[in-house]
Amino acid sequence: MLKASSMVYALFVVTILAIISGSIVLSSYYYNLQLIDYTQRIKQQSYVQSGVNLLLEENSFQLPYKATRKLFEDEQSEIQLSKRWWGLMELITVESVWKNNSVGKVYLIGIKDKFNDRISLYLKDNNRSLSLSGKTIIKGNAYLPKSGVKRAYVDGKGFAGSKLIDGDVLESKSELPKLNKKLYENVISNFLSTNIADSVITLEELNKVAFFKNGFSSKTIVVQLPDQTRLNQLKVTGNVILKSKGTLYIENTCAFKDVLIYAKKIVFKQEFEGKLQAFASDTILVEKDCKFGYPSVLCLVKDESNIRQYLAIDKGSSFVGTIAQLSSDVEVKSNALIRIEKESNVEGLIYSLGQLYLGGAVFGSVYTETFILSTPSSIYENHLLDAEINSLKLNKAFVGIDIPVENKVSTKEIVCEFEW
Numbered sequence: 001m002l003k004a005s006s007m008v009y010a011l012f013v014v015t016i017l018a019i020i021s022g023s024i025v026l027s028s029y030y031y032n033l034q035l036i037d038y039t040q041r042i043k044q045q046s047y048v049q050s051g052v053n054l055l056l057e058e059n060s061f062q063l064p065y066k067a068t069r070k071l072f073e074d075e076q077s078e079i080q081l082s083k084r085w086w087g088l089m090e091l092i093t094v095e096s097v098w099k100n101n102s103v104g105k106v107y108l109i110g111i112k113d114k115f116n117d118r119i120s121l122y123l124k125d126n127n128r129s130l131s132l133s134g135k136t137i138i139k140g141n142a143y144l145p146k147s148g149v150k151r152a153y154v155d156g157k158g159f160a161g162s163k164l165i166d167g168d169v170l171e172s173k174s175e176l177p178k179l180n181k182k183l184y185e186n187v188i189s190n191f192l193s194t195n196i197a198d199s200v201i202t203l204e205e206l207n208k209v210a211f212f213k214n215g216f217s218s219k220t221i222v223v224q225l226p227d228q229t230r231l232n233q234l235k236v237t238g239n240v241i242l243k244s245k246g247t248l249y250i251e252n253t254c255a256f257k258d259v260l261i262y263a264k265k266i267v268f269k270q271e272f273e274g275k276l277q278a279f280a281s282d283t284i285l286v287e288k289d290c291k292f293g294y295p296s297v298l299c300l301v302k303d304e305s306n307i308r309q310y311l312a313i314d315k316g317s318s319f320v321g322t323i324a325q326l327s328s329d330v331e332v333k334s335n336a337l338i339r340i341e342k343e344s345n346v347e348g349l350i351y352s353l354g355q356l357y358l359g360g361a362v363f364g365s366v367y368t369e370t371f372i373l374s375t376p377s378s379i380y381e382n383h384l385l386d387a388e389i390n391s392l393k394l395n396k397a398f399v400g401i402d403i404p405v406e407n408k409v410s411t412k413e414i415v416c417e418f419e420w
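Residue numbers (the UniProt record's numbering): 1 to 420.
It cannot be assumed that every hint is accurate.
DSS-like cross-link-like pairs, simulated, lysine-lysine; straight-line CA separation at most 25 Å [stated by the list, open to error]: (1) Lys-243 x Lys-275; (2) Lys-235 x Lys-275; (3) Lys-257 x Lys-105.
Everything labelled a hint here was simulated from the structure, so no lab data went into it.
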């Protein structure tokens, strides 16, 4: 007969073994759950990537586009697709939801030119040749008027280079390549109204938080600003639109990332830094030593008024992205002026429907109706003095807007990923 102590010991051993066995079974169970969850997330990420590829390749969707798609027969492969305008570019959203798991991606997409097809200069043929003076450099493919390009002597300076155009020279047409009309329609509609699906708040509400962030999986937040507003010490990121019917003064204490700004007149004060898209119906002024990160946009939008639009980037400022002018009718001559001062540089694209004064450098492409050069002694048309246009210096990864030119090969590409 077993002693009582032996029985207690046996029970203790059995209990320990049961606990260990139960722990192993339980660990195995939770491991399998984690494995299933991990495998499912990998599948969902794959489904999301398939959705992104679909939206990149398919050009027949009318924006805004929203749909639910099944990639395969099983329910797990169901994804939510969305495509809409965000400024001058398209915003695509793809989400895969299965039970409690959600995987999503948000991308800004645009157009990327084949490197060898990149255009340094497209100057409309207005029966005037292009004249170069000083240390002007033009590198890359150039579309010029029939009358071509020549040396000129301006302000005591002759042309100092060995080549007028360092690249292929082709013949331009009597009008600039036309942008997609949908760009203008989308931007002008944001001036005239607010989407009923958006949430509208005031500047007072925005000022209540030190850092305002709104993801692109949420509703767009529209901040309605007074006609004359000076923005100071605001930090705003993401799916946010700032709107005013008057003038916005944006101090360098503000930090804006990925937001859209609409106003009649916009002034970025000295040493401002940000990454944004700004649209004005009258004027955009960038003061000295400002920095705009990729992919930024500065855009003049022609409305029904007859005012002379003006966009200026002052000395010491740098800009990476797209500078453009939009109009409902590009065939109507524009009196707008875009002015890039000396010691400033633009990396990306300039599309001007009016006059362009280029005192600084453009590492990328310039499309313009005409150049204007103002000196103390005179004003010259289609003259460049100590300017640089160099498409070869543009980052190979740069993605911008579509400017259709015959025989130029372009593809739709991801500009950047936004936070979900």
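* Can you list which hints this structure breaks, lowest number first? -> none
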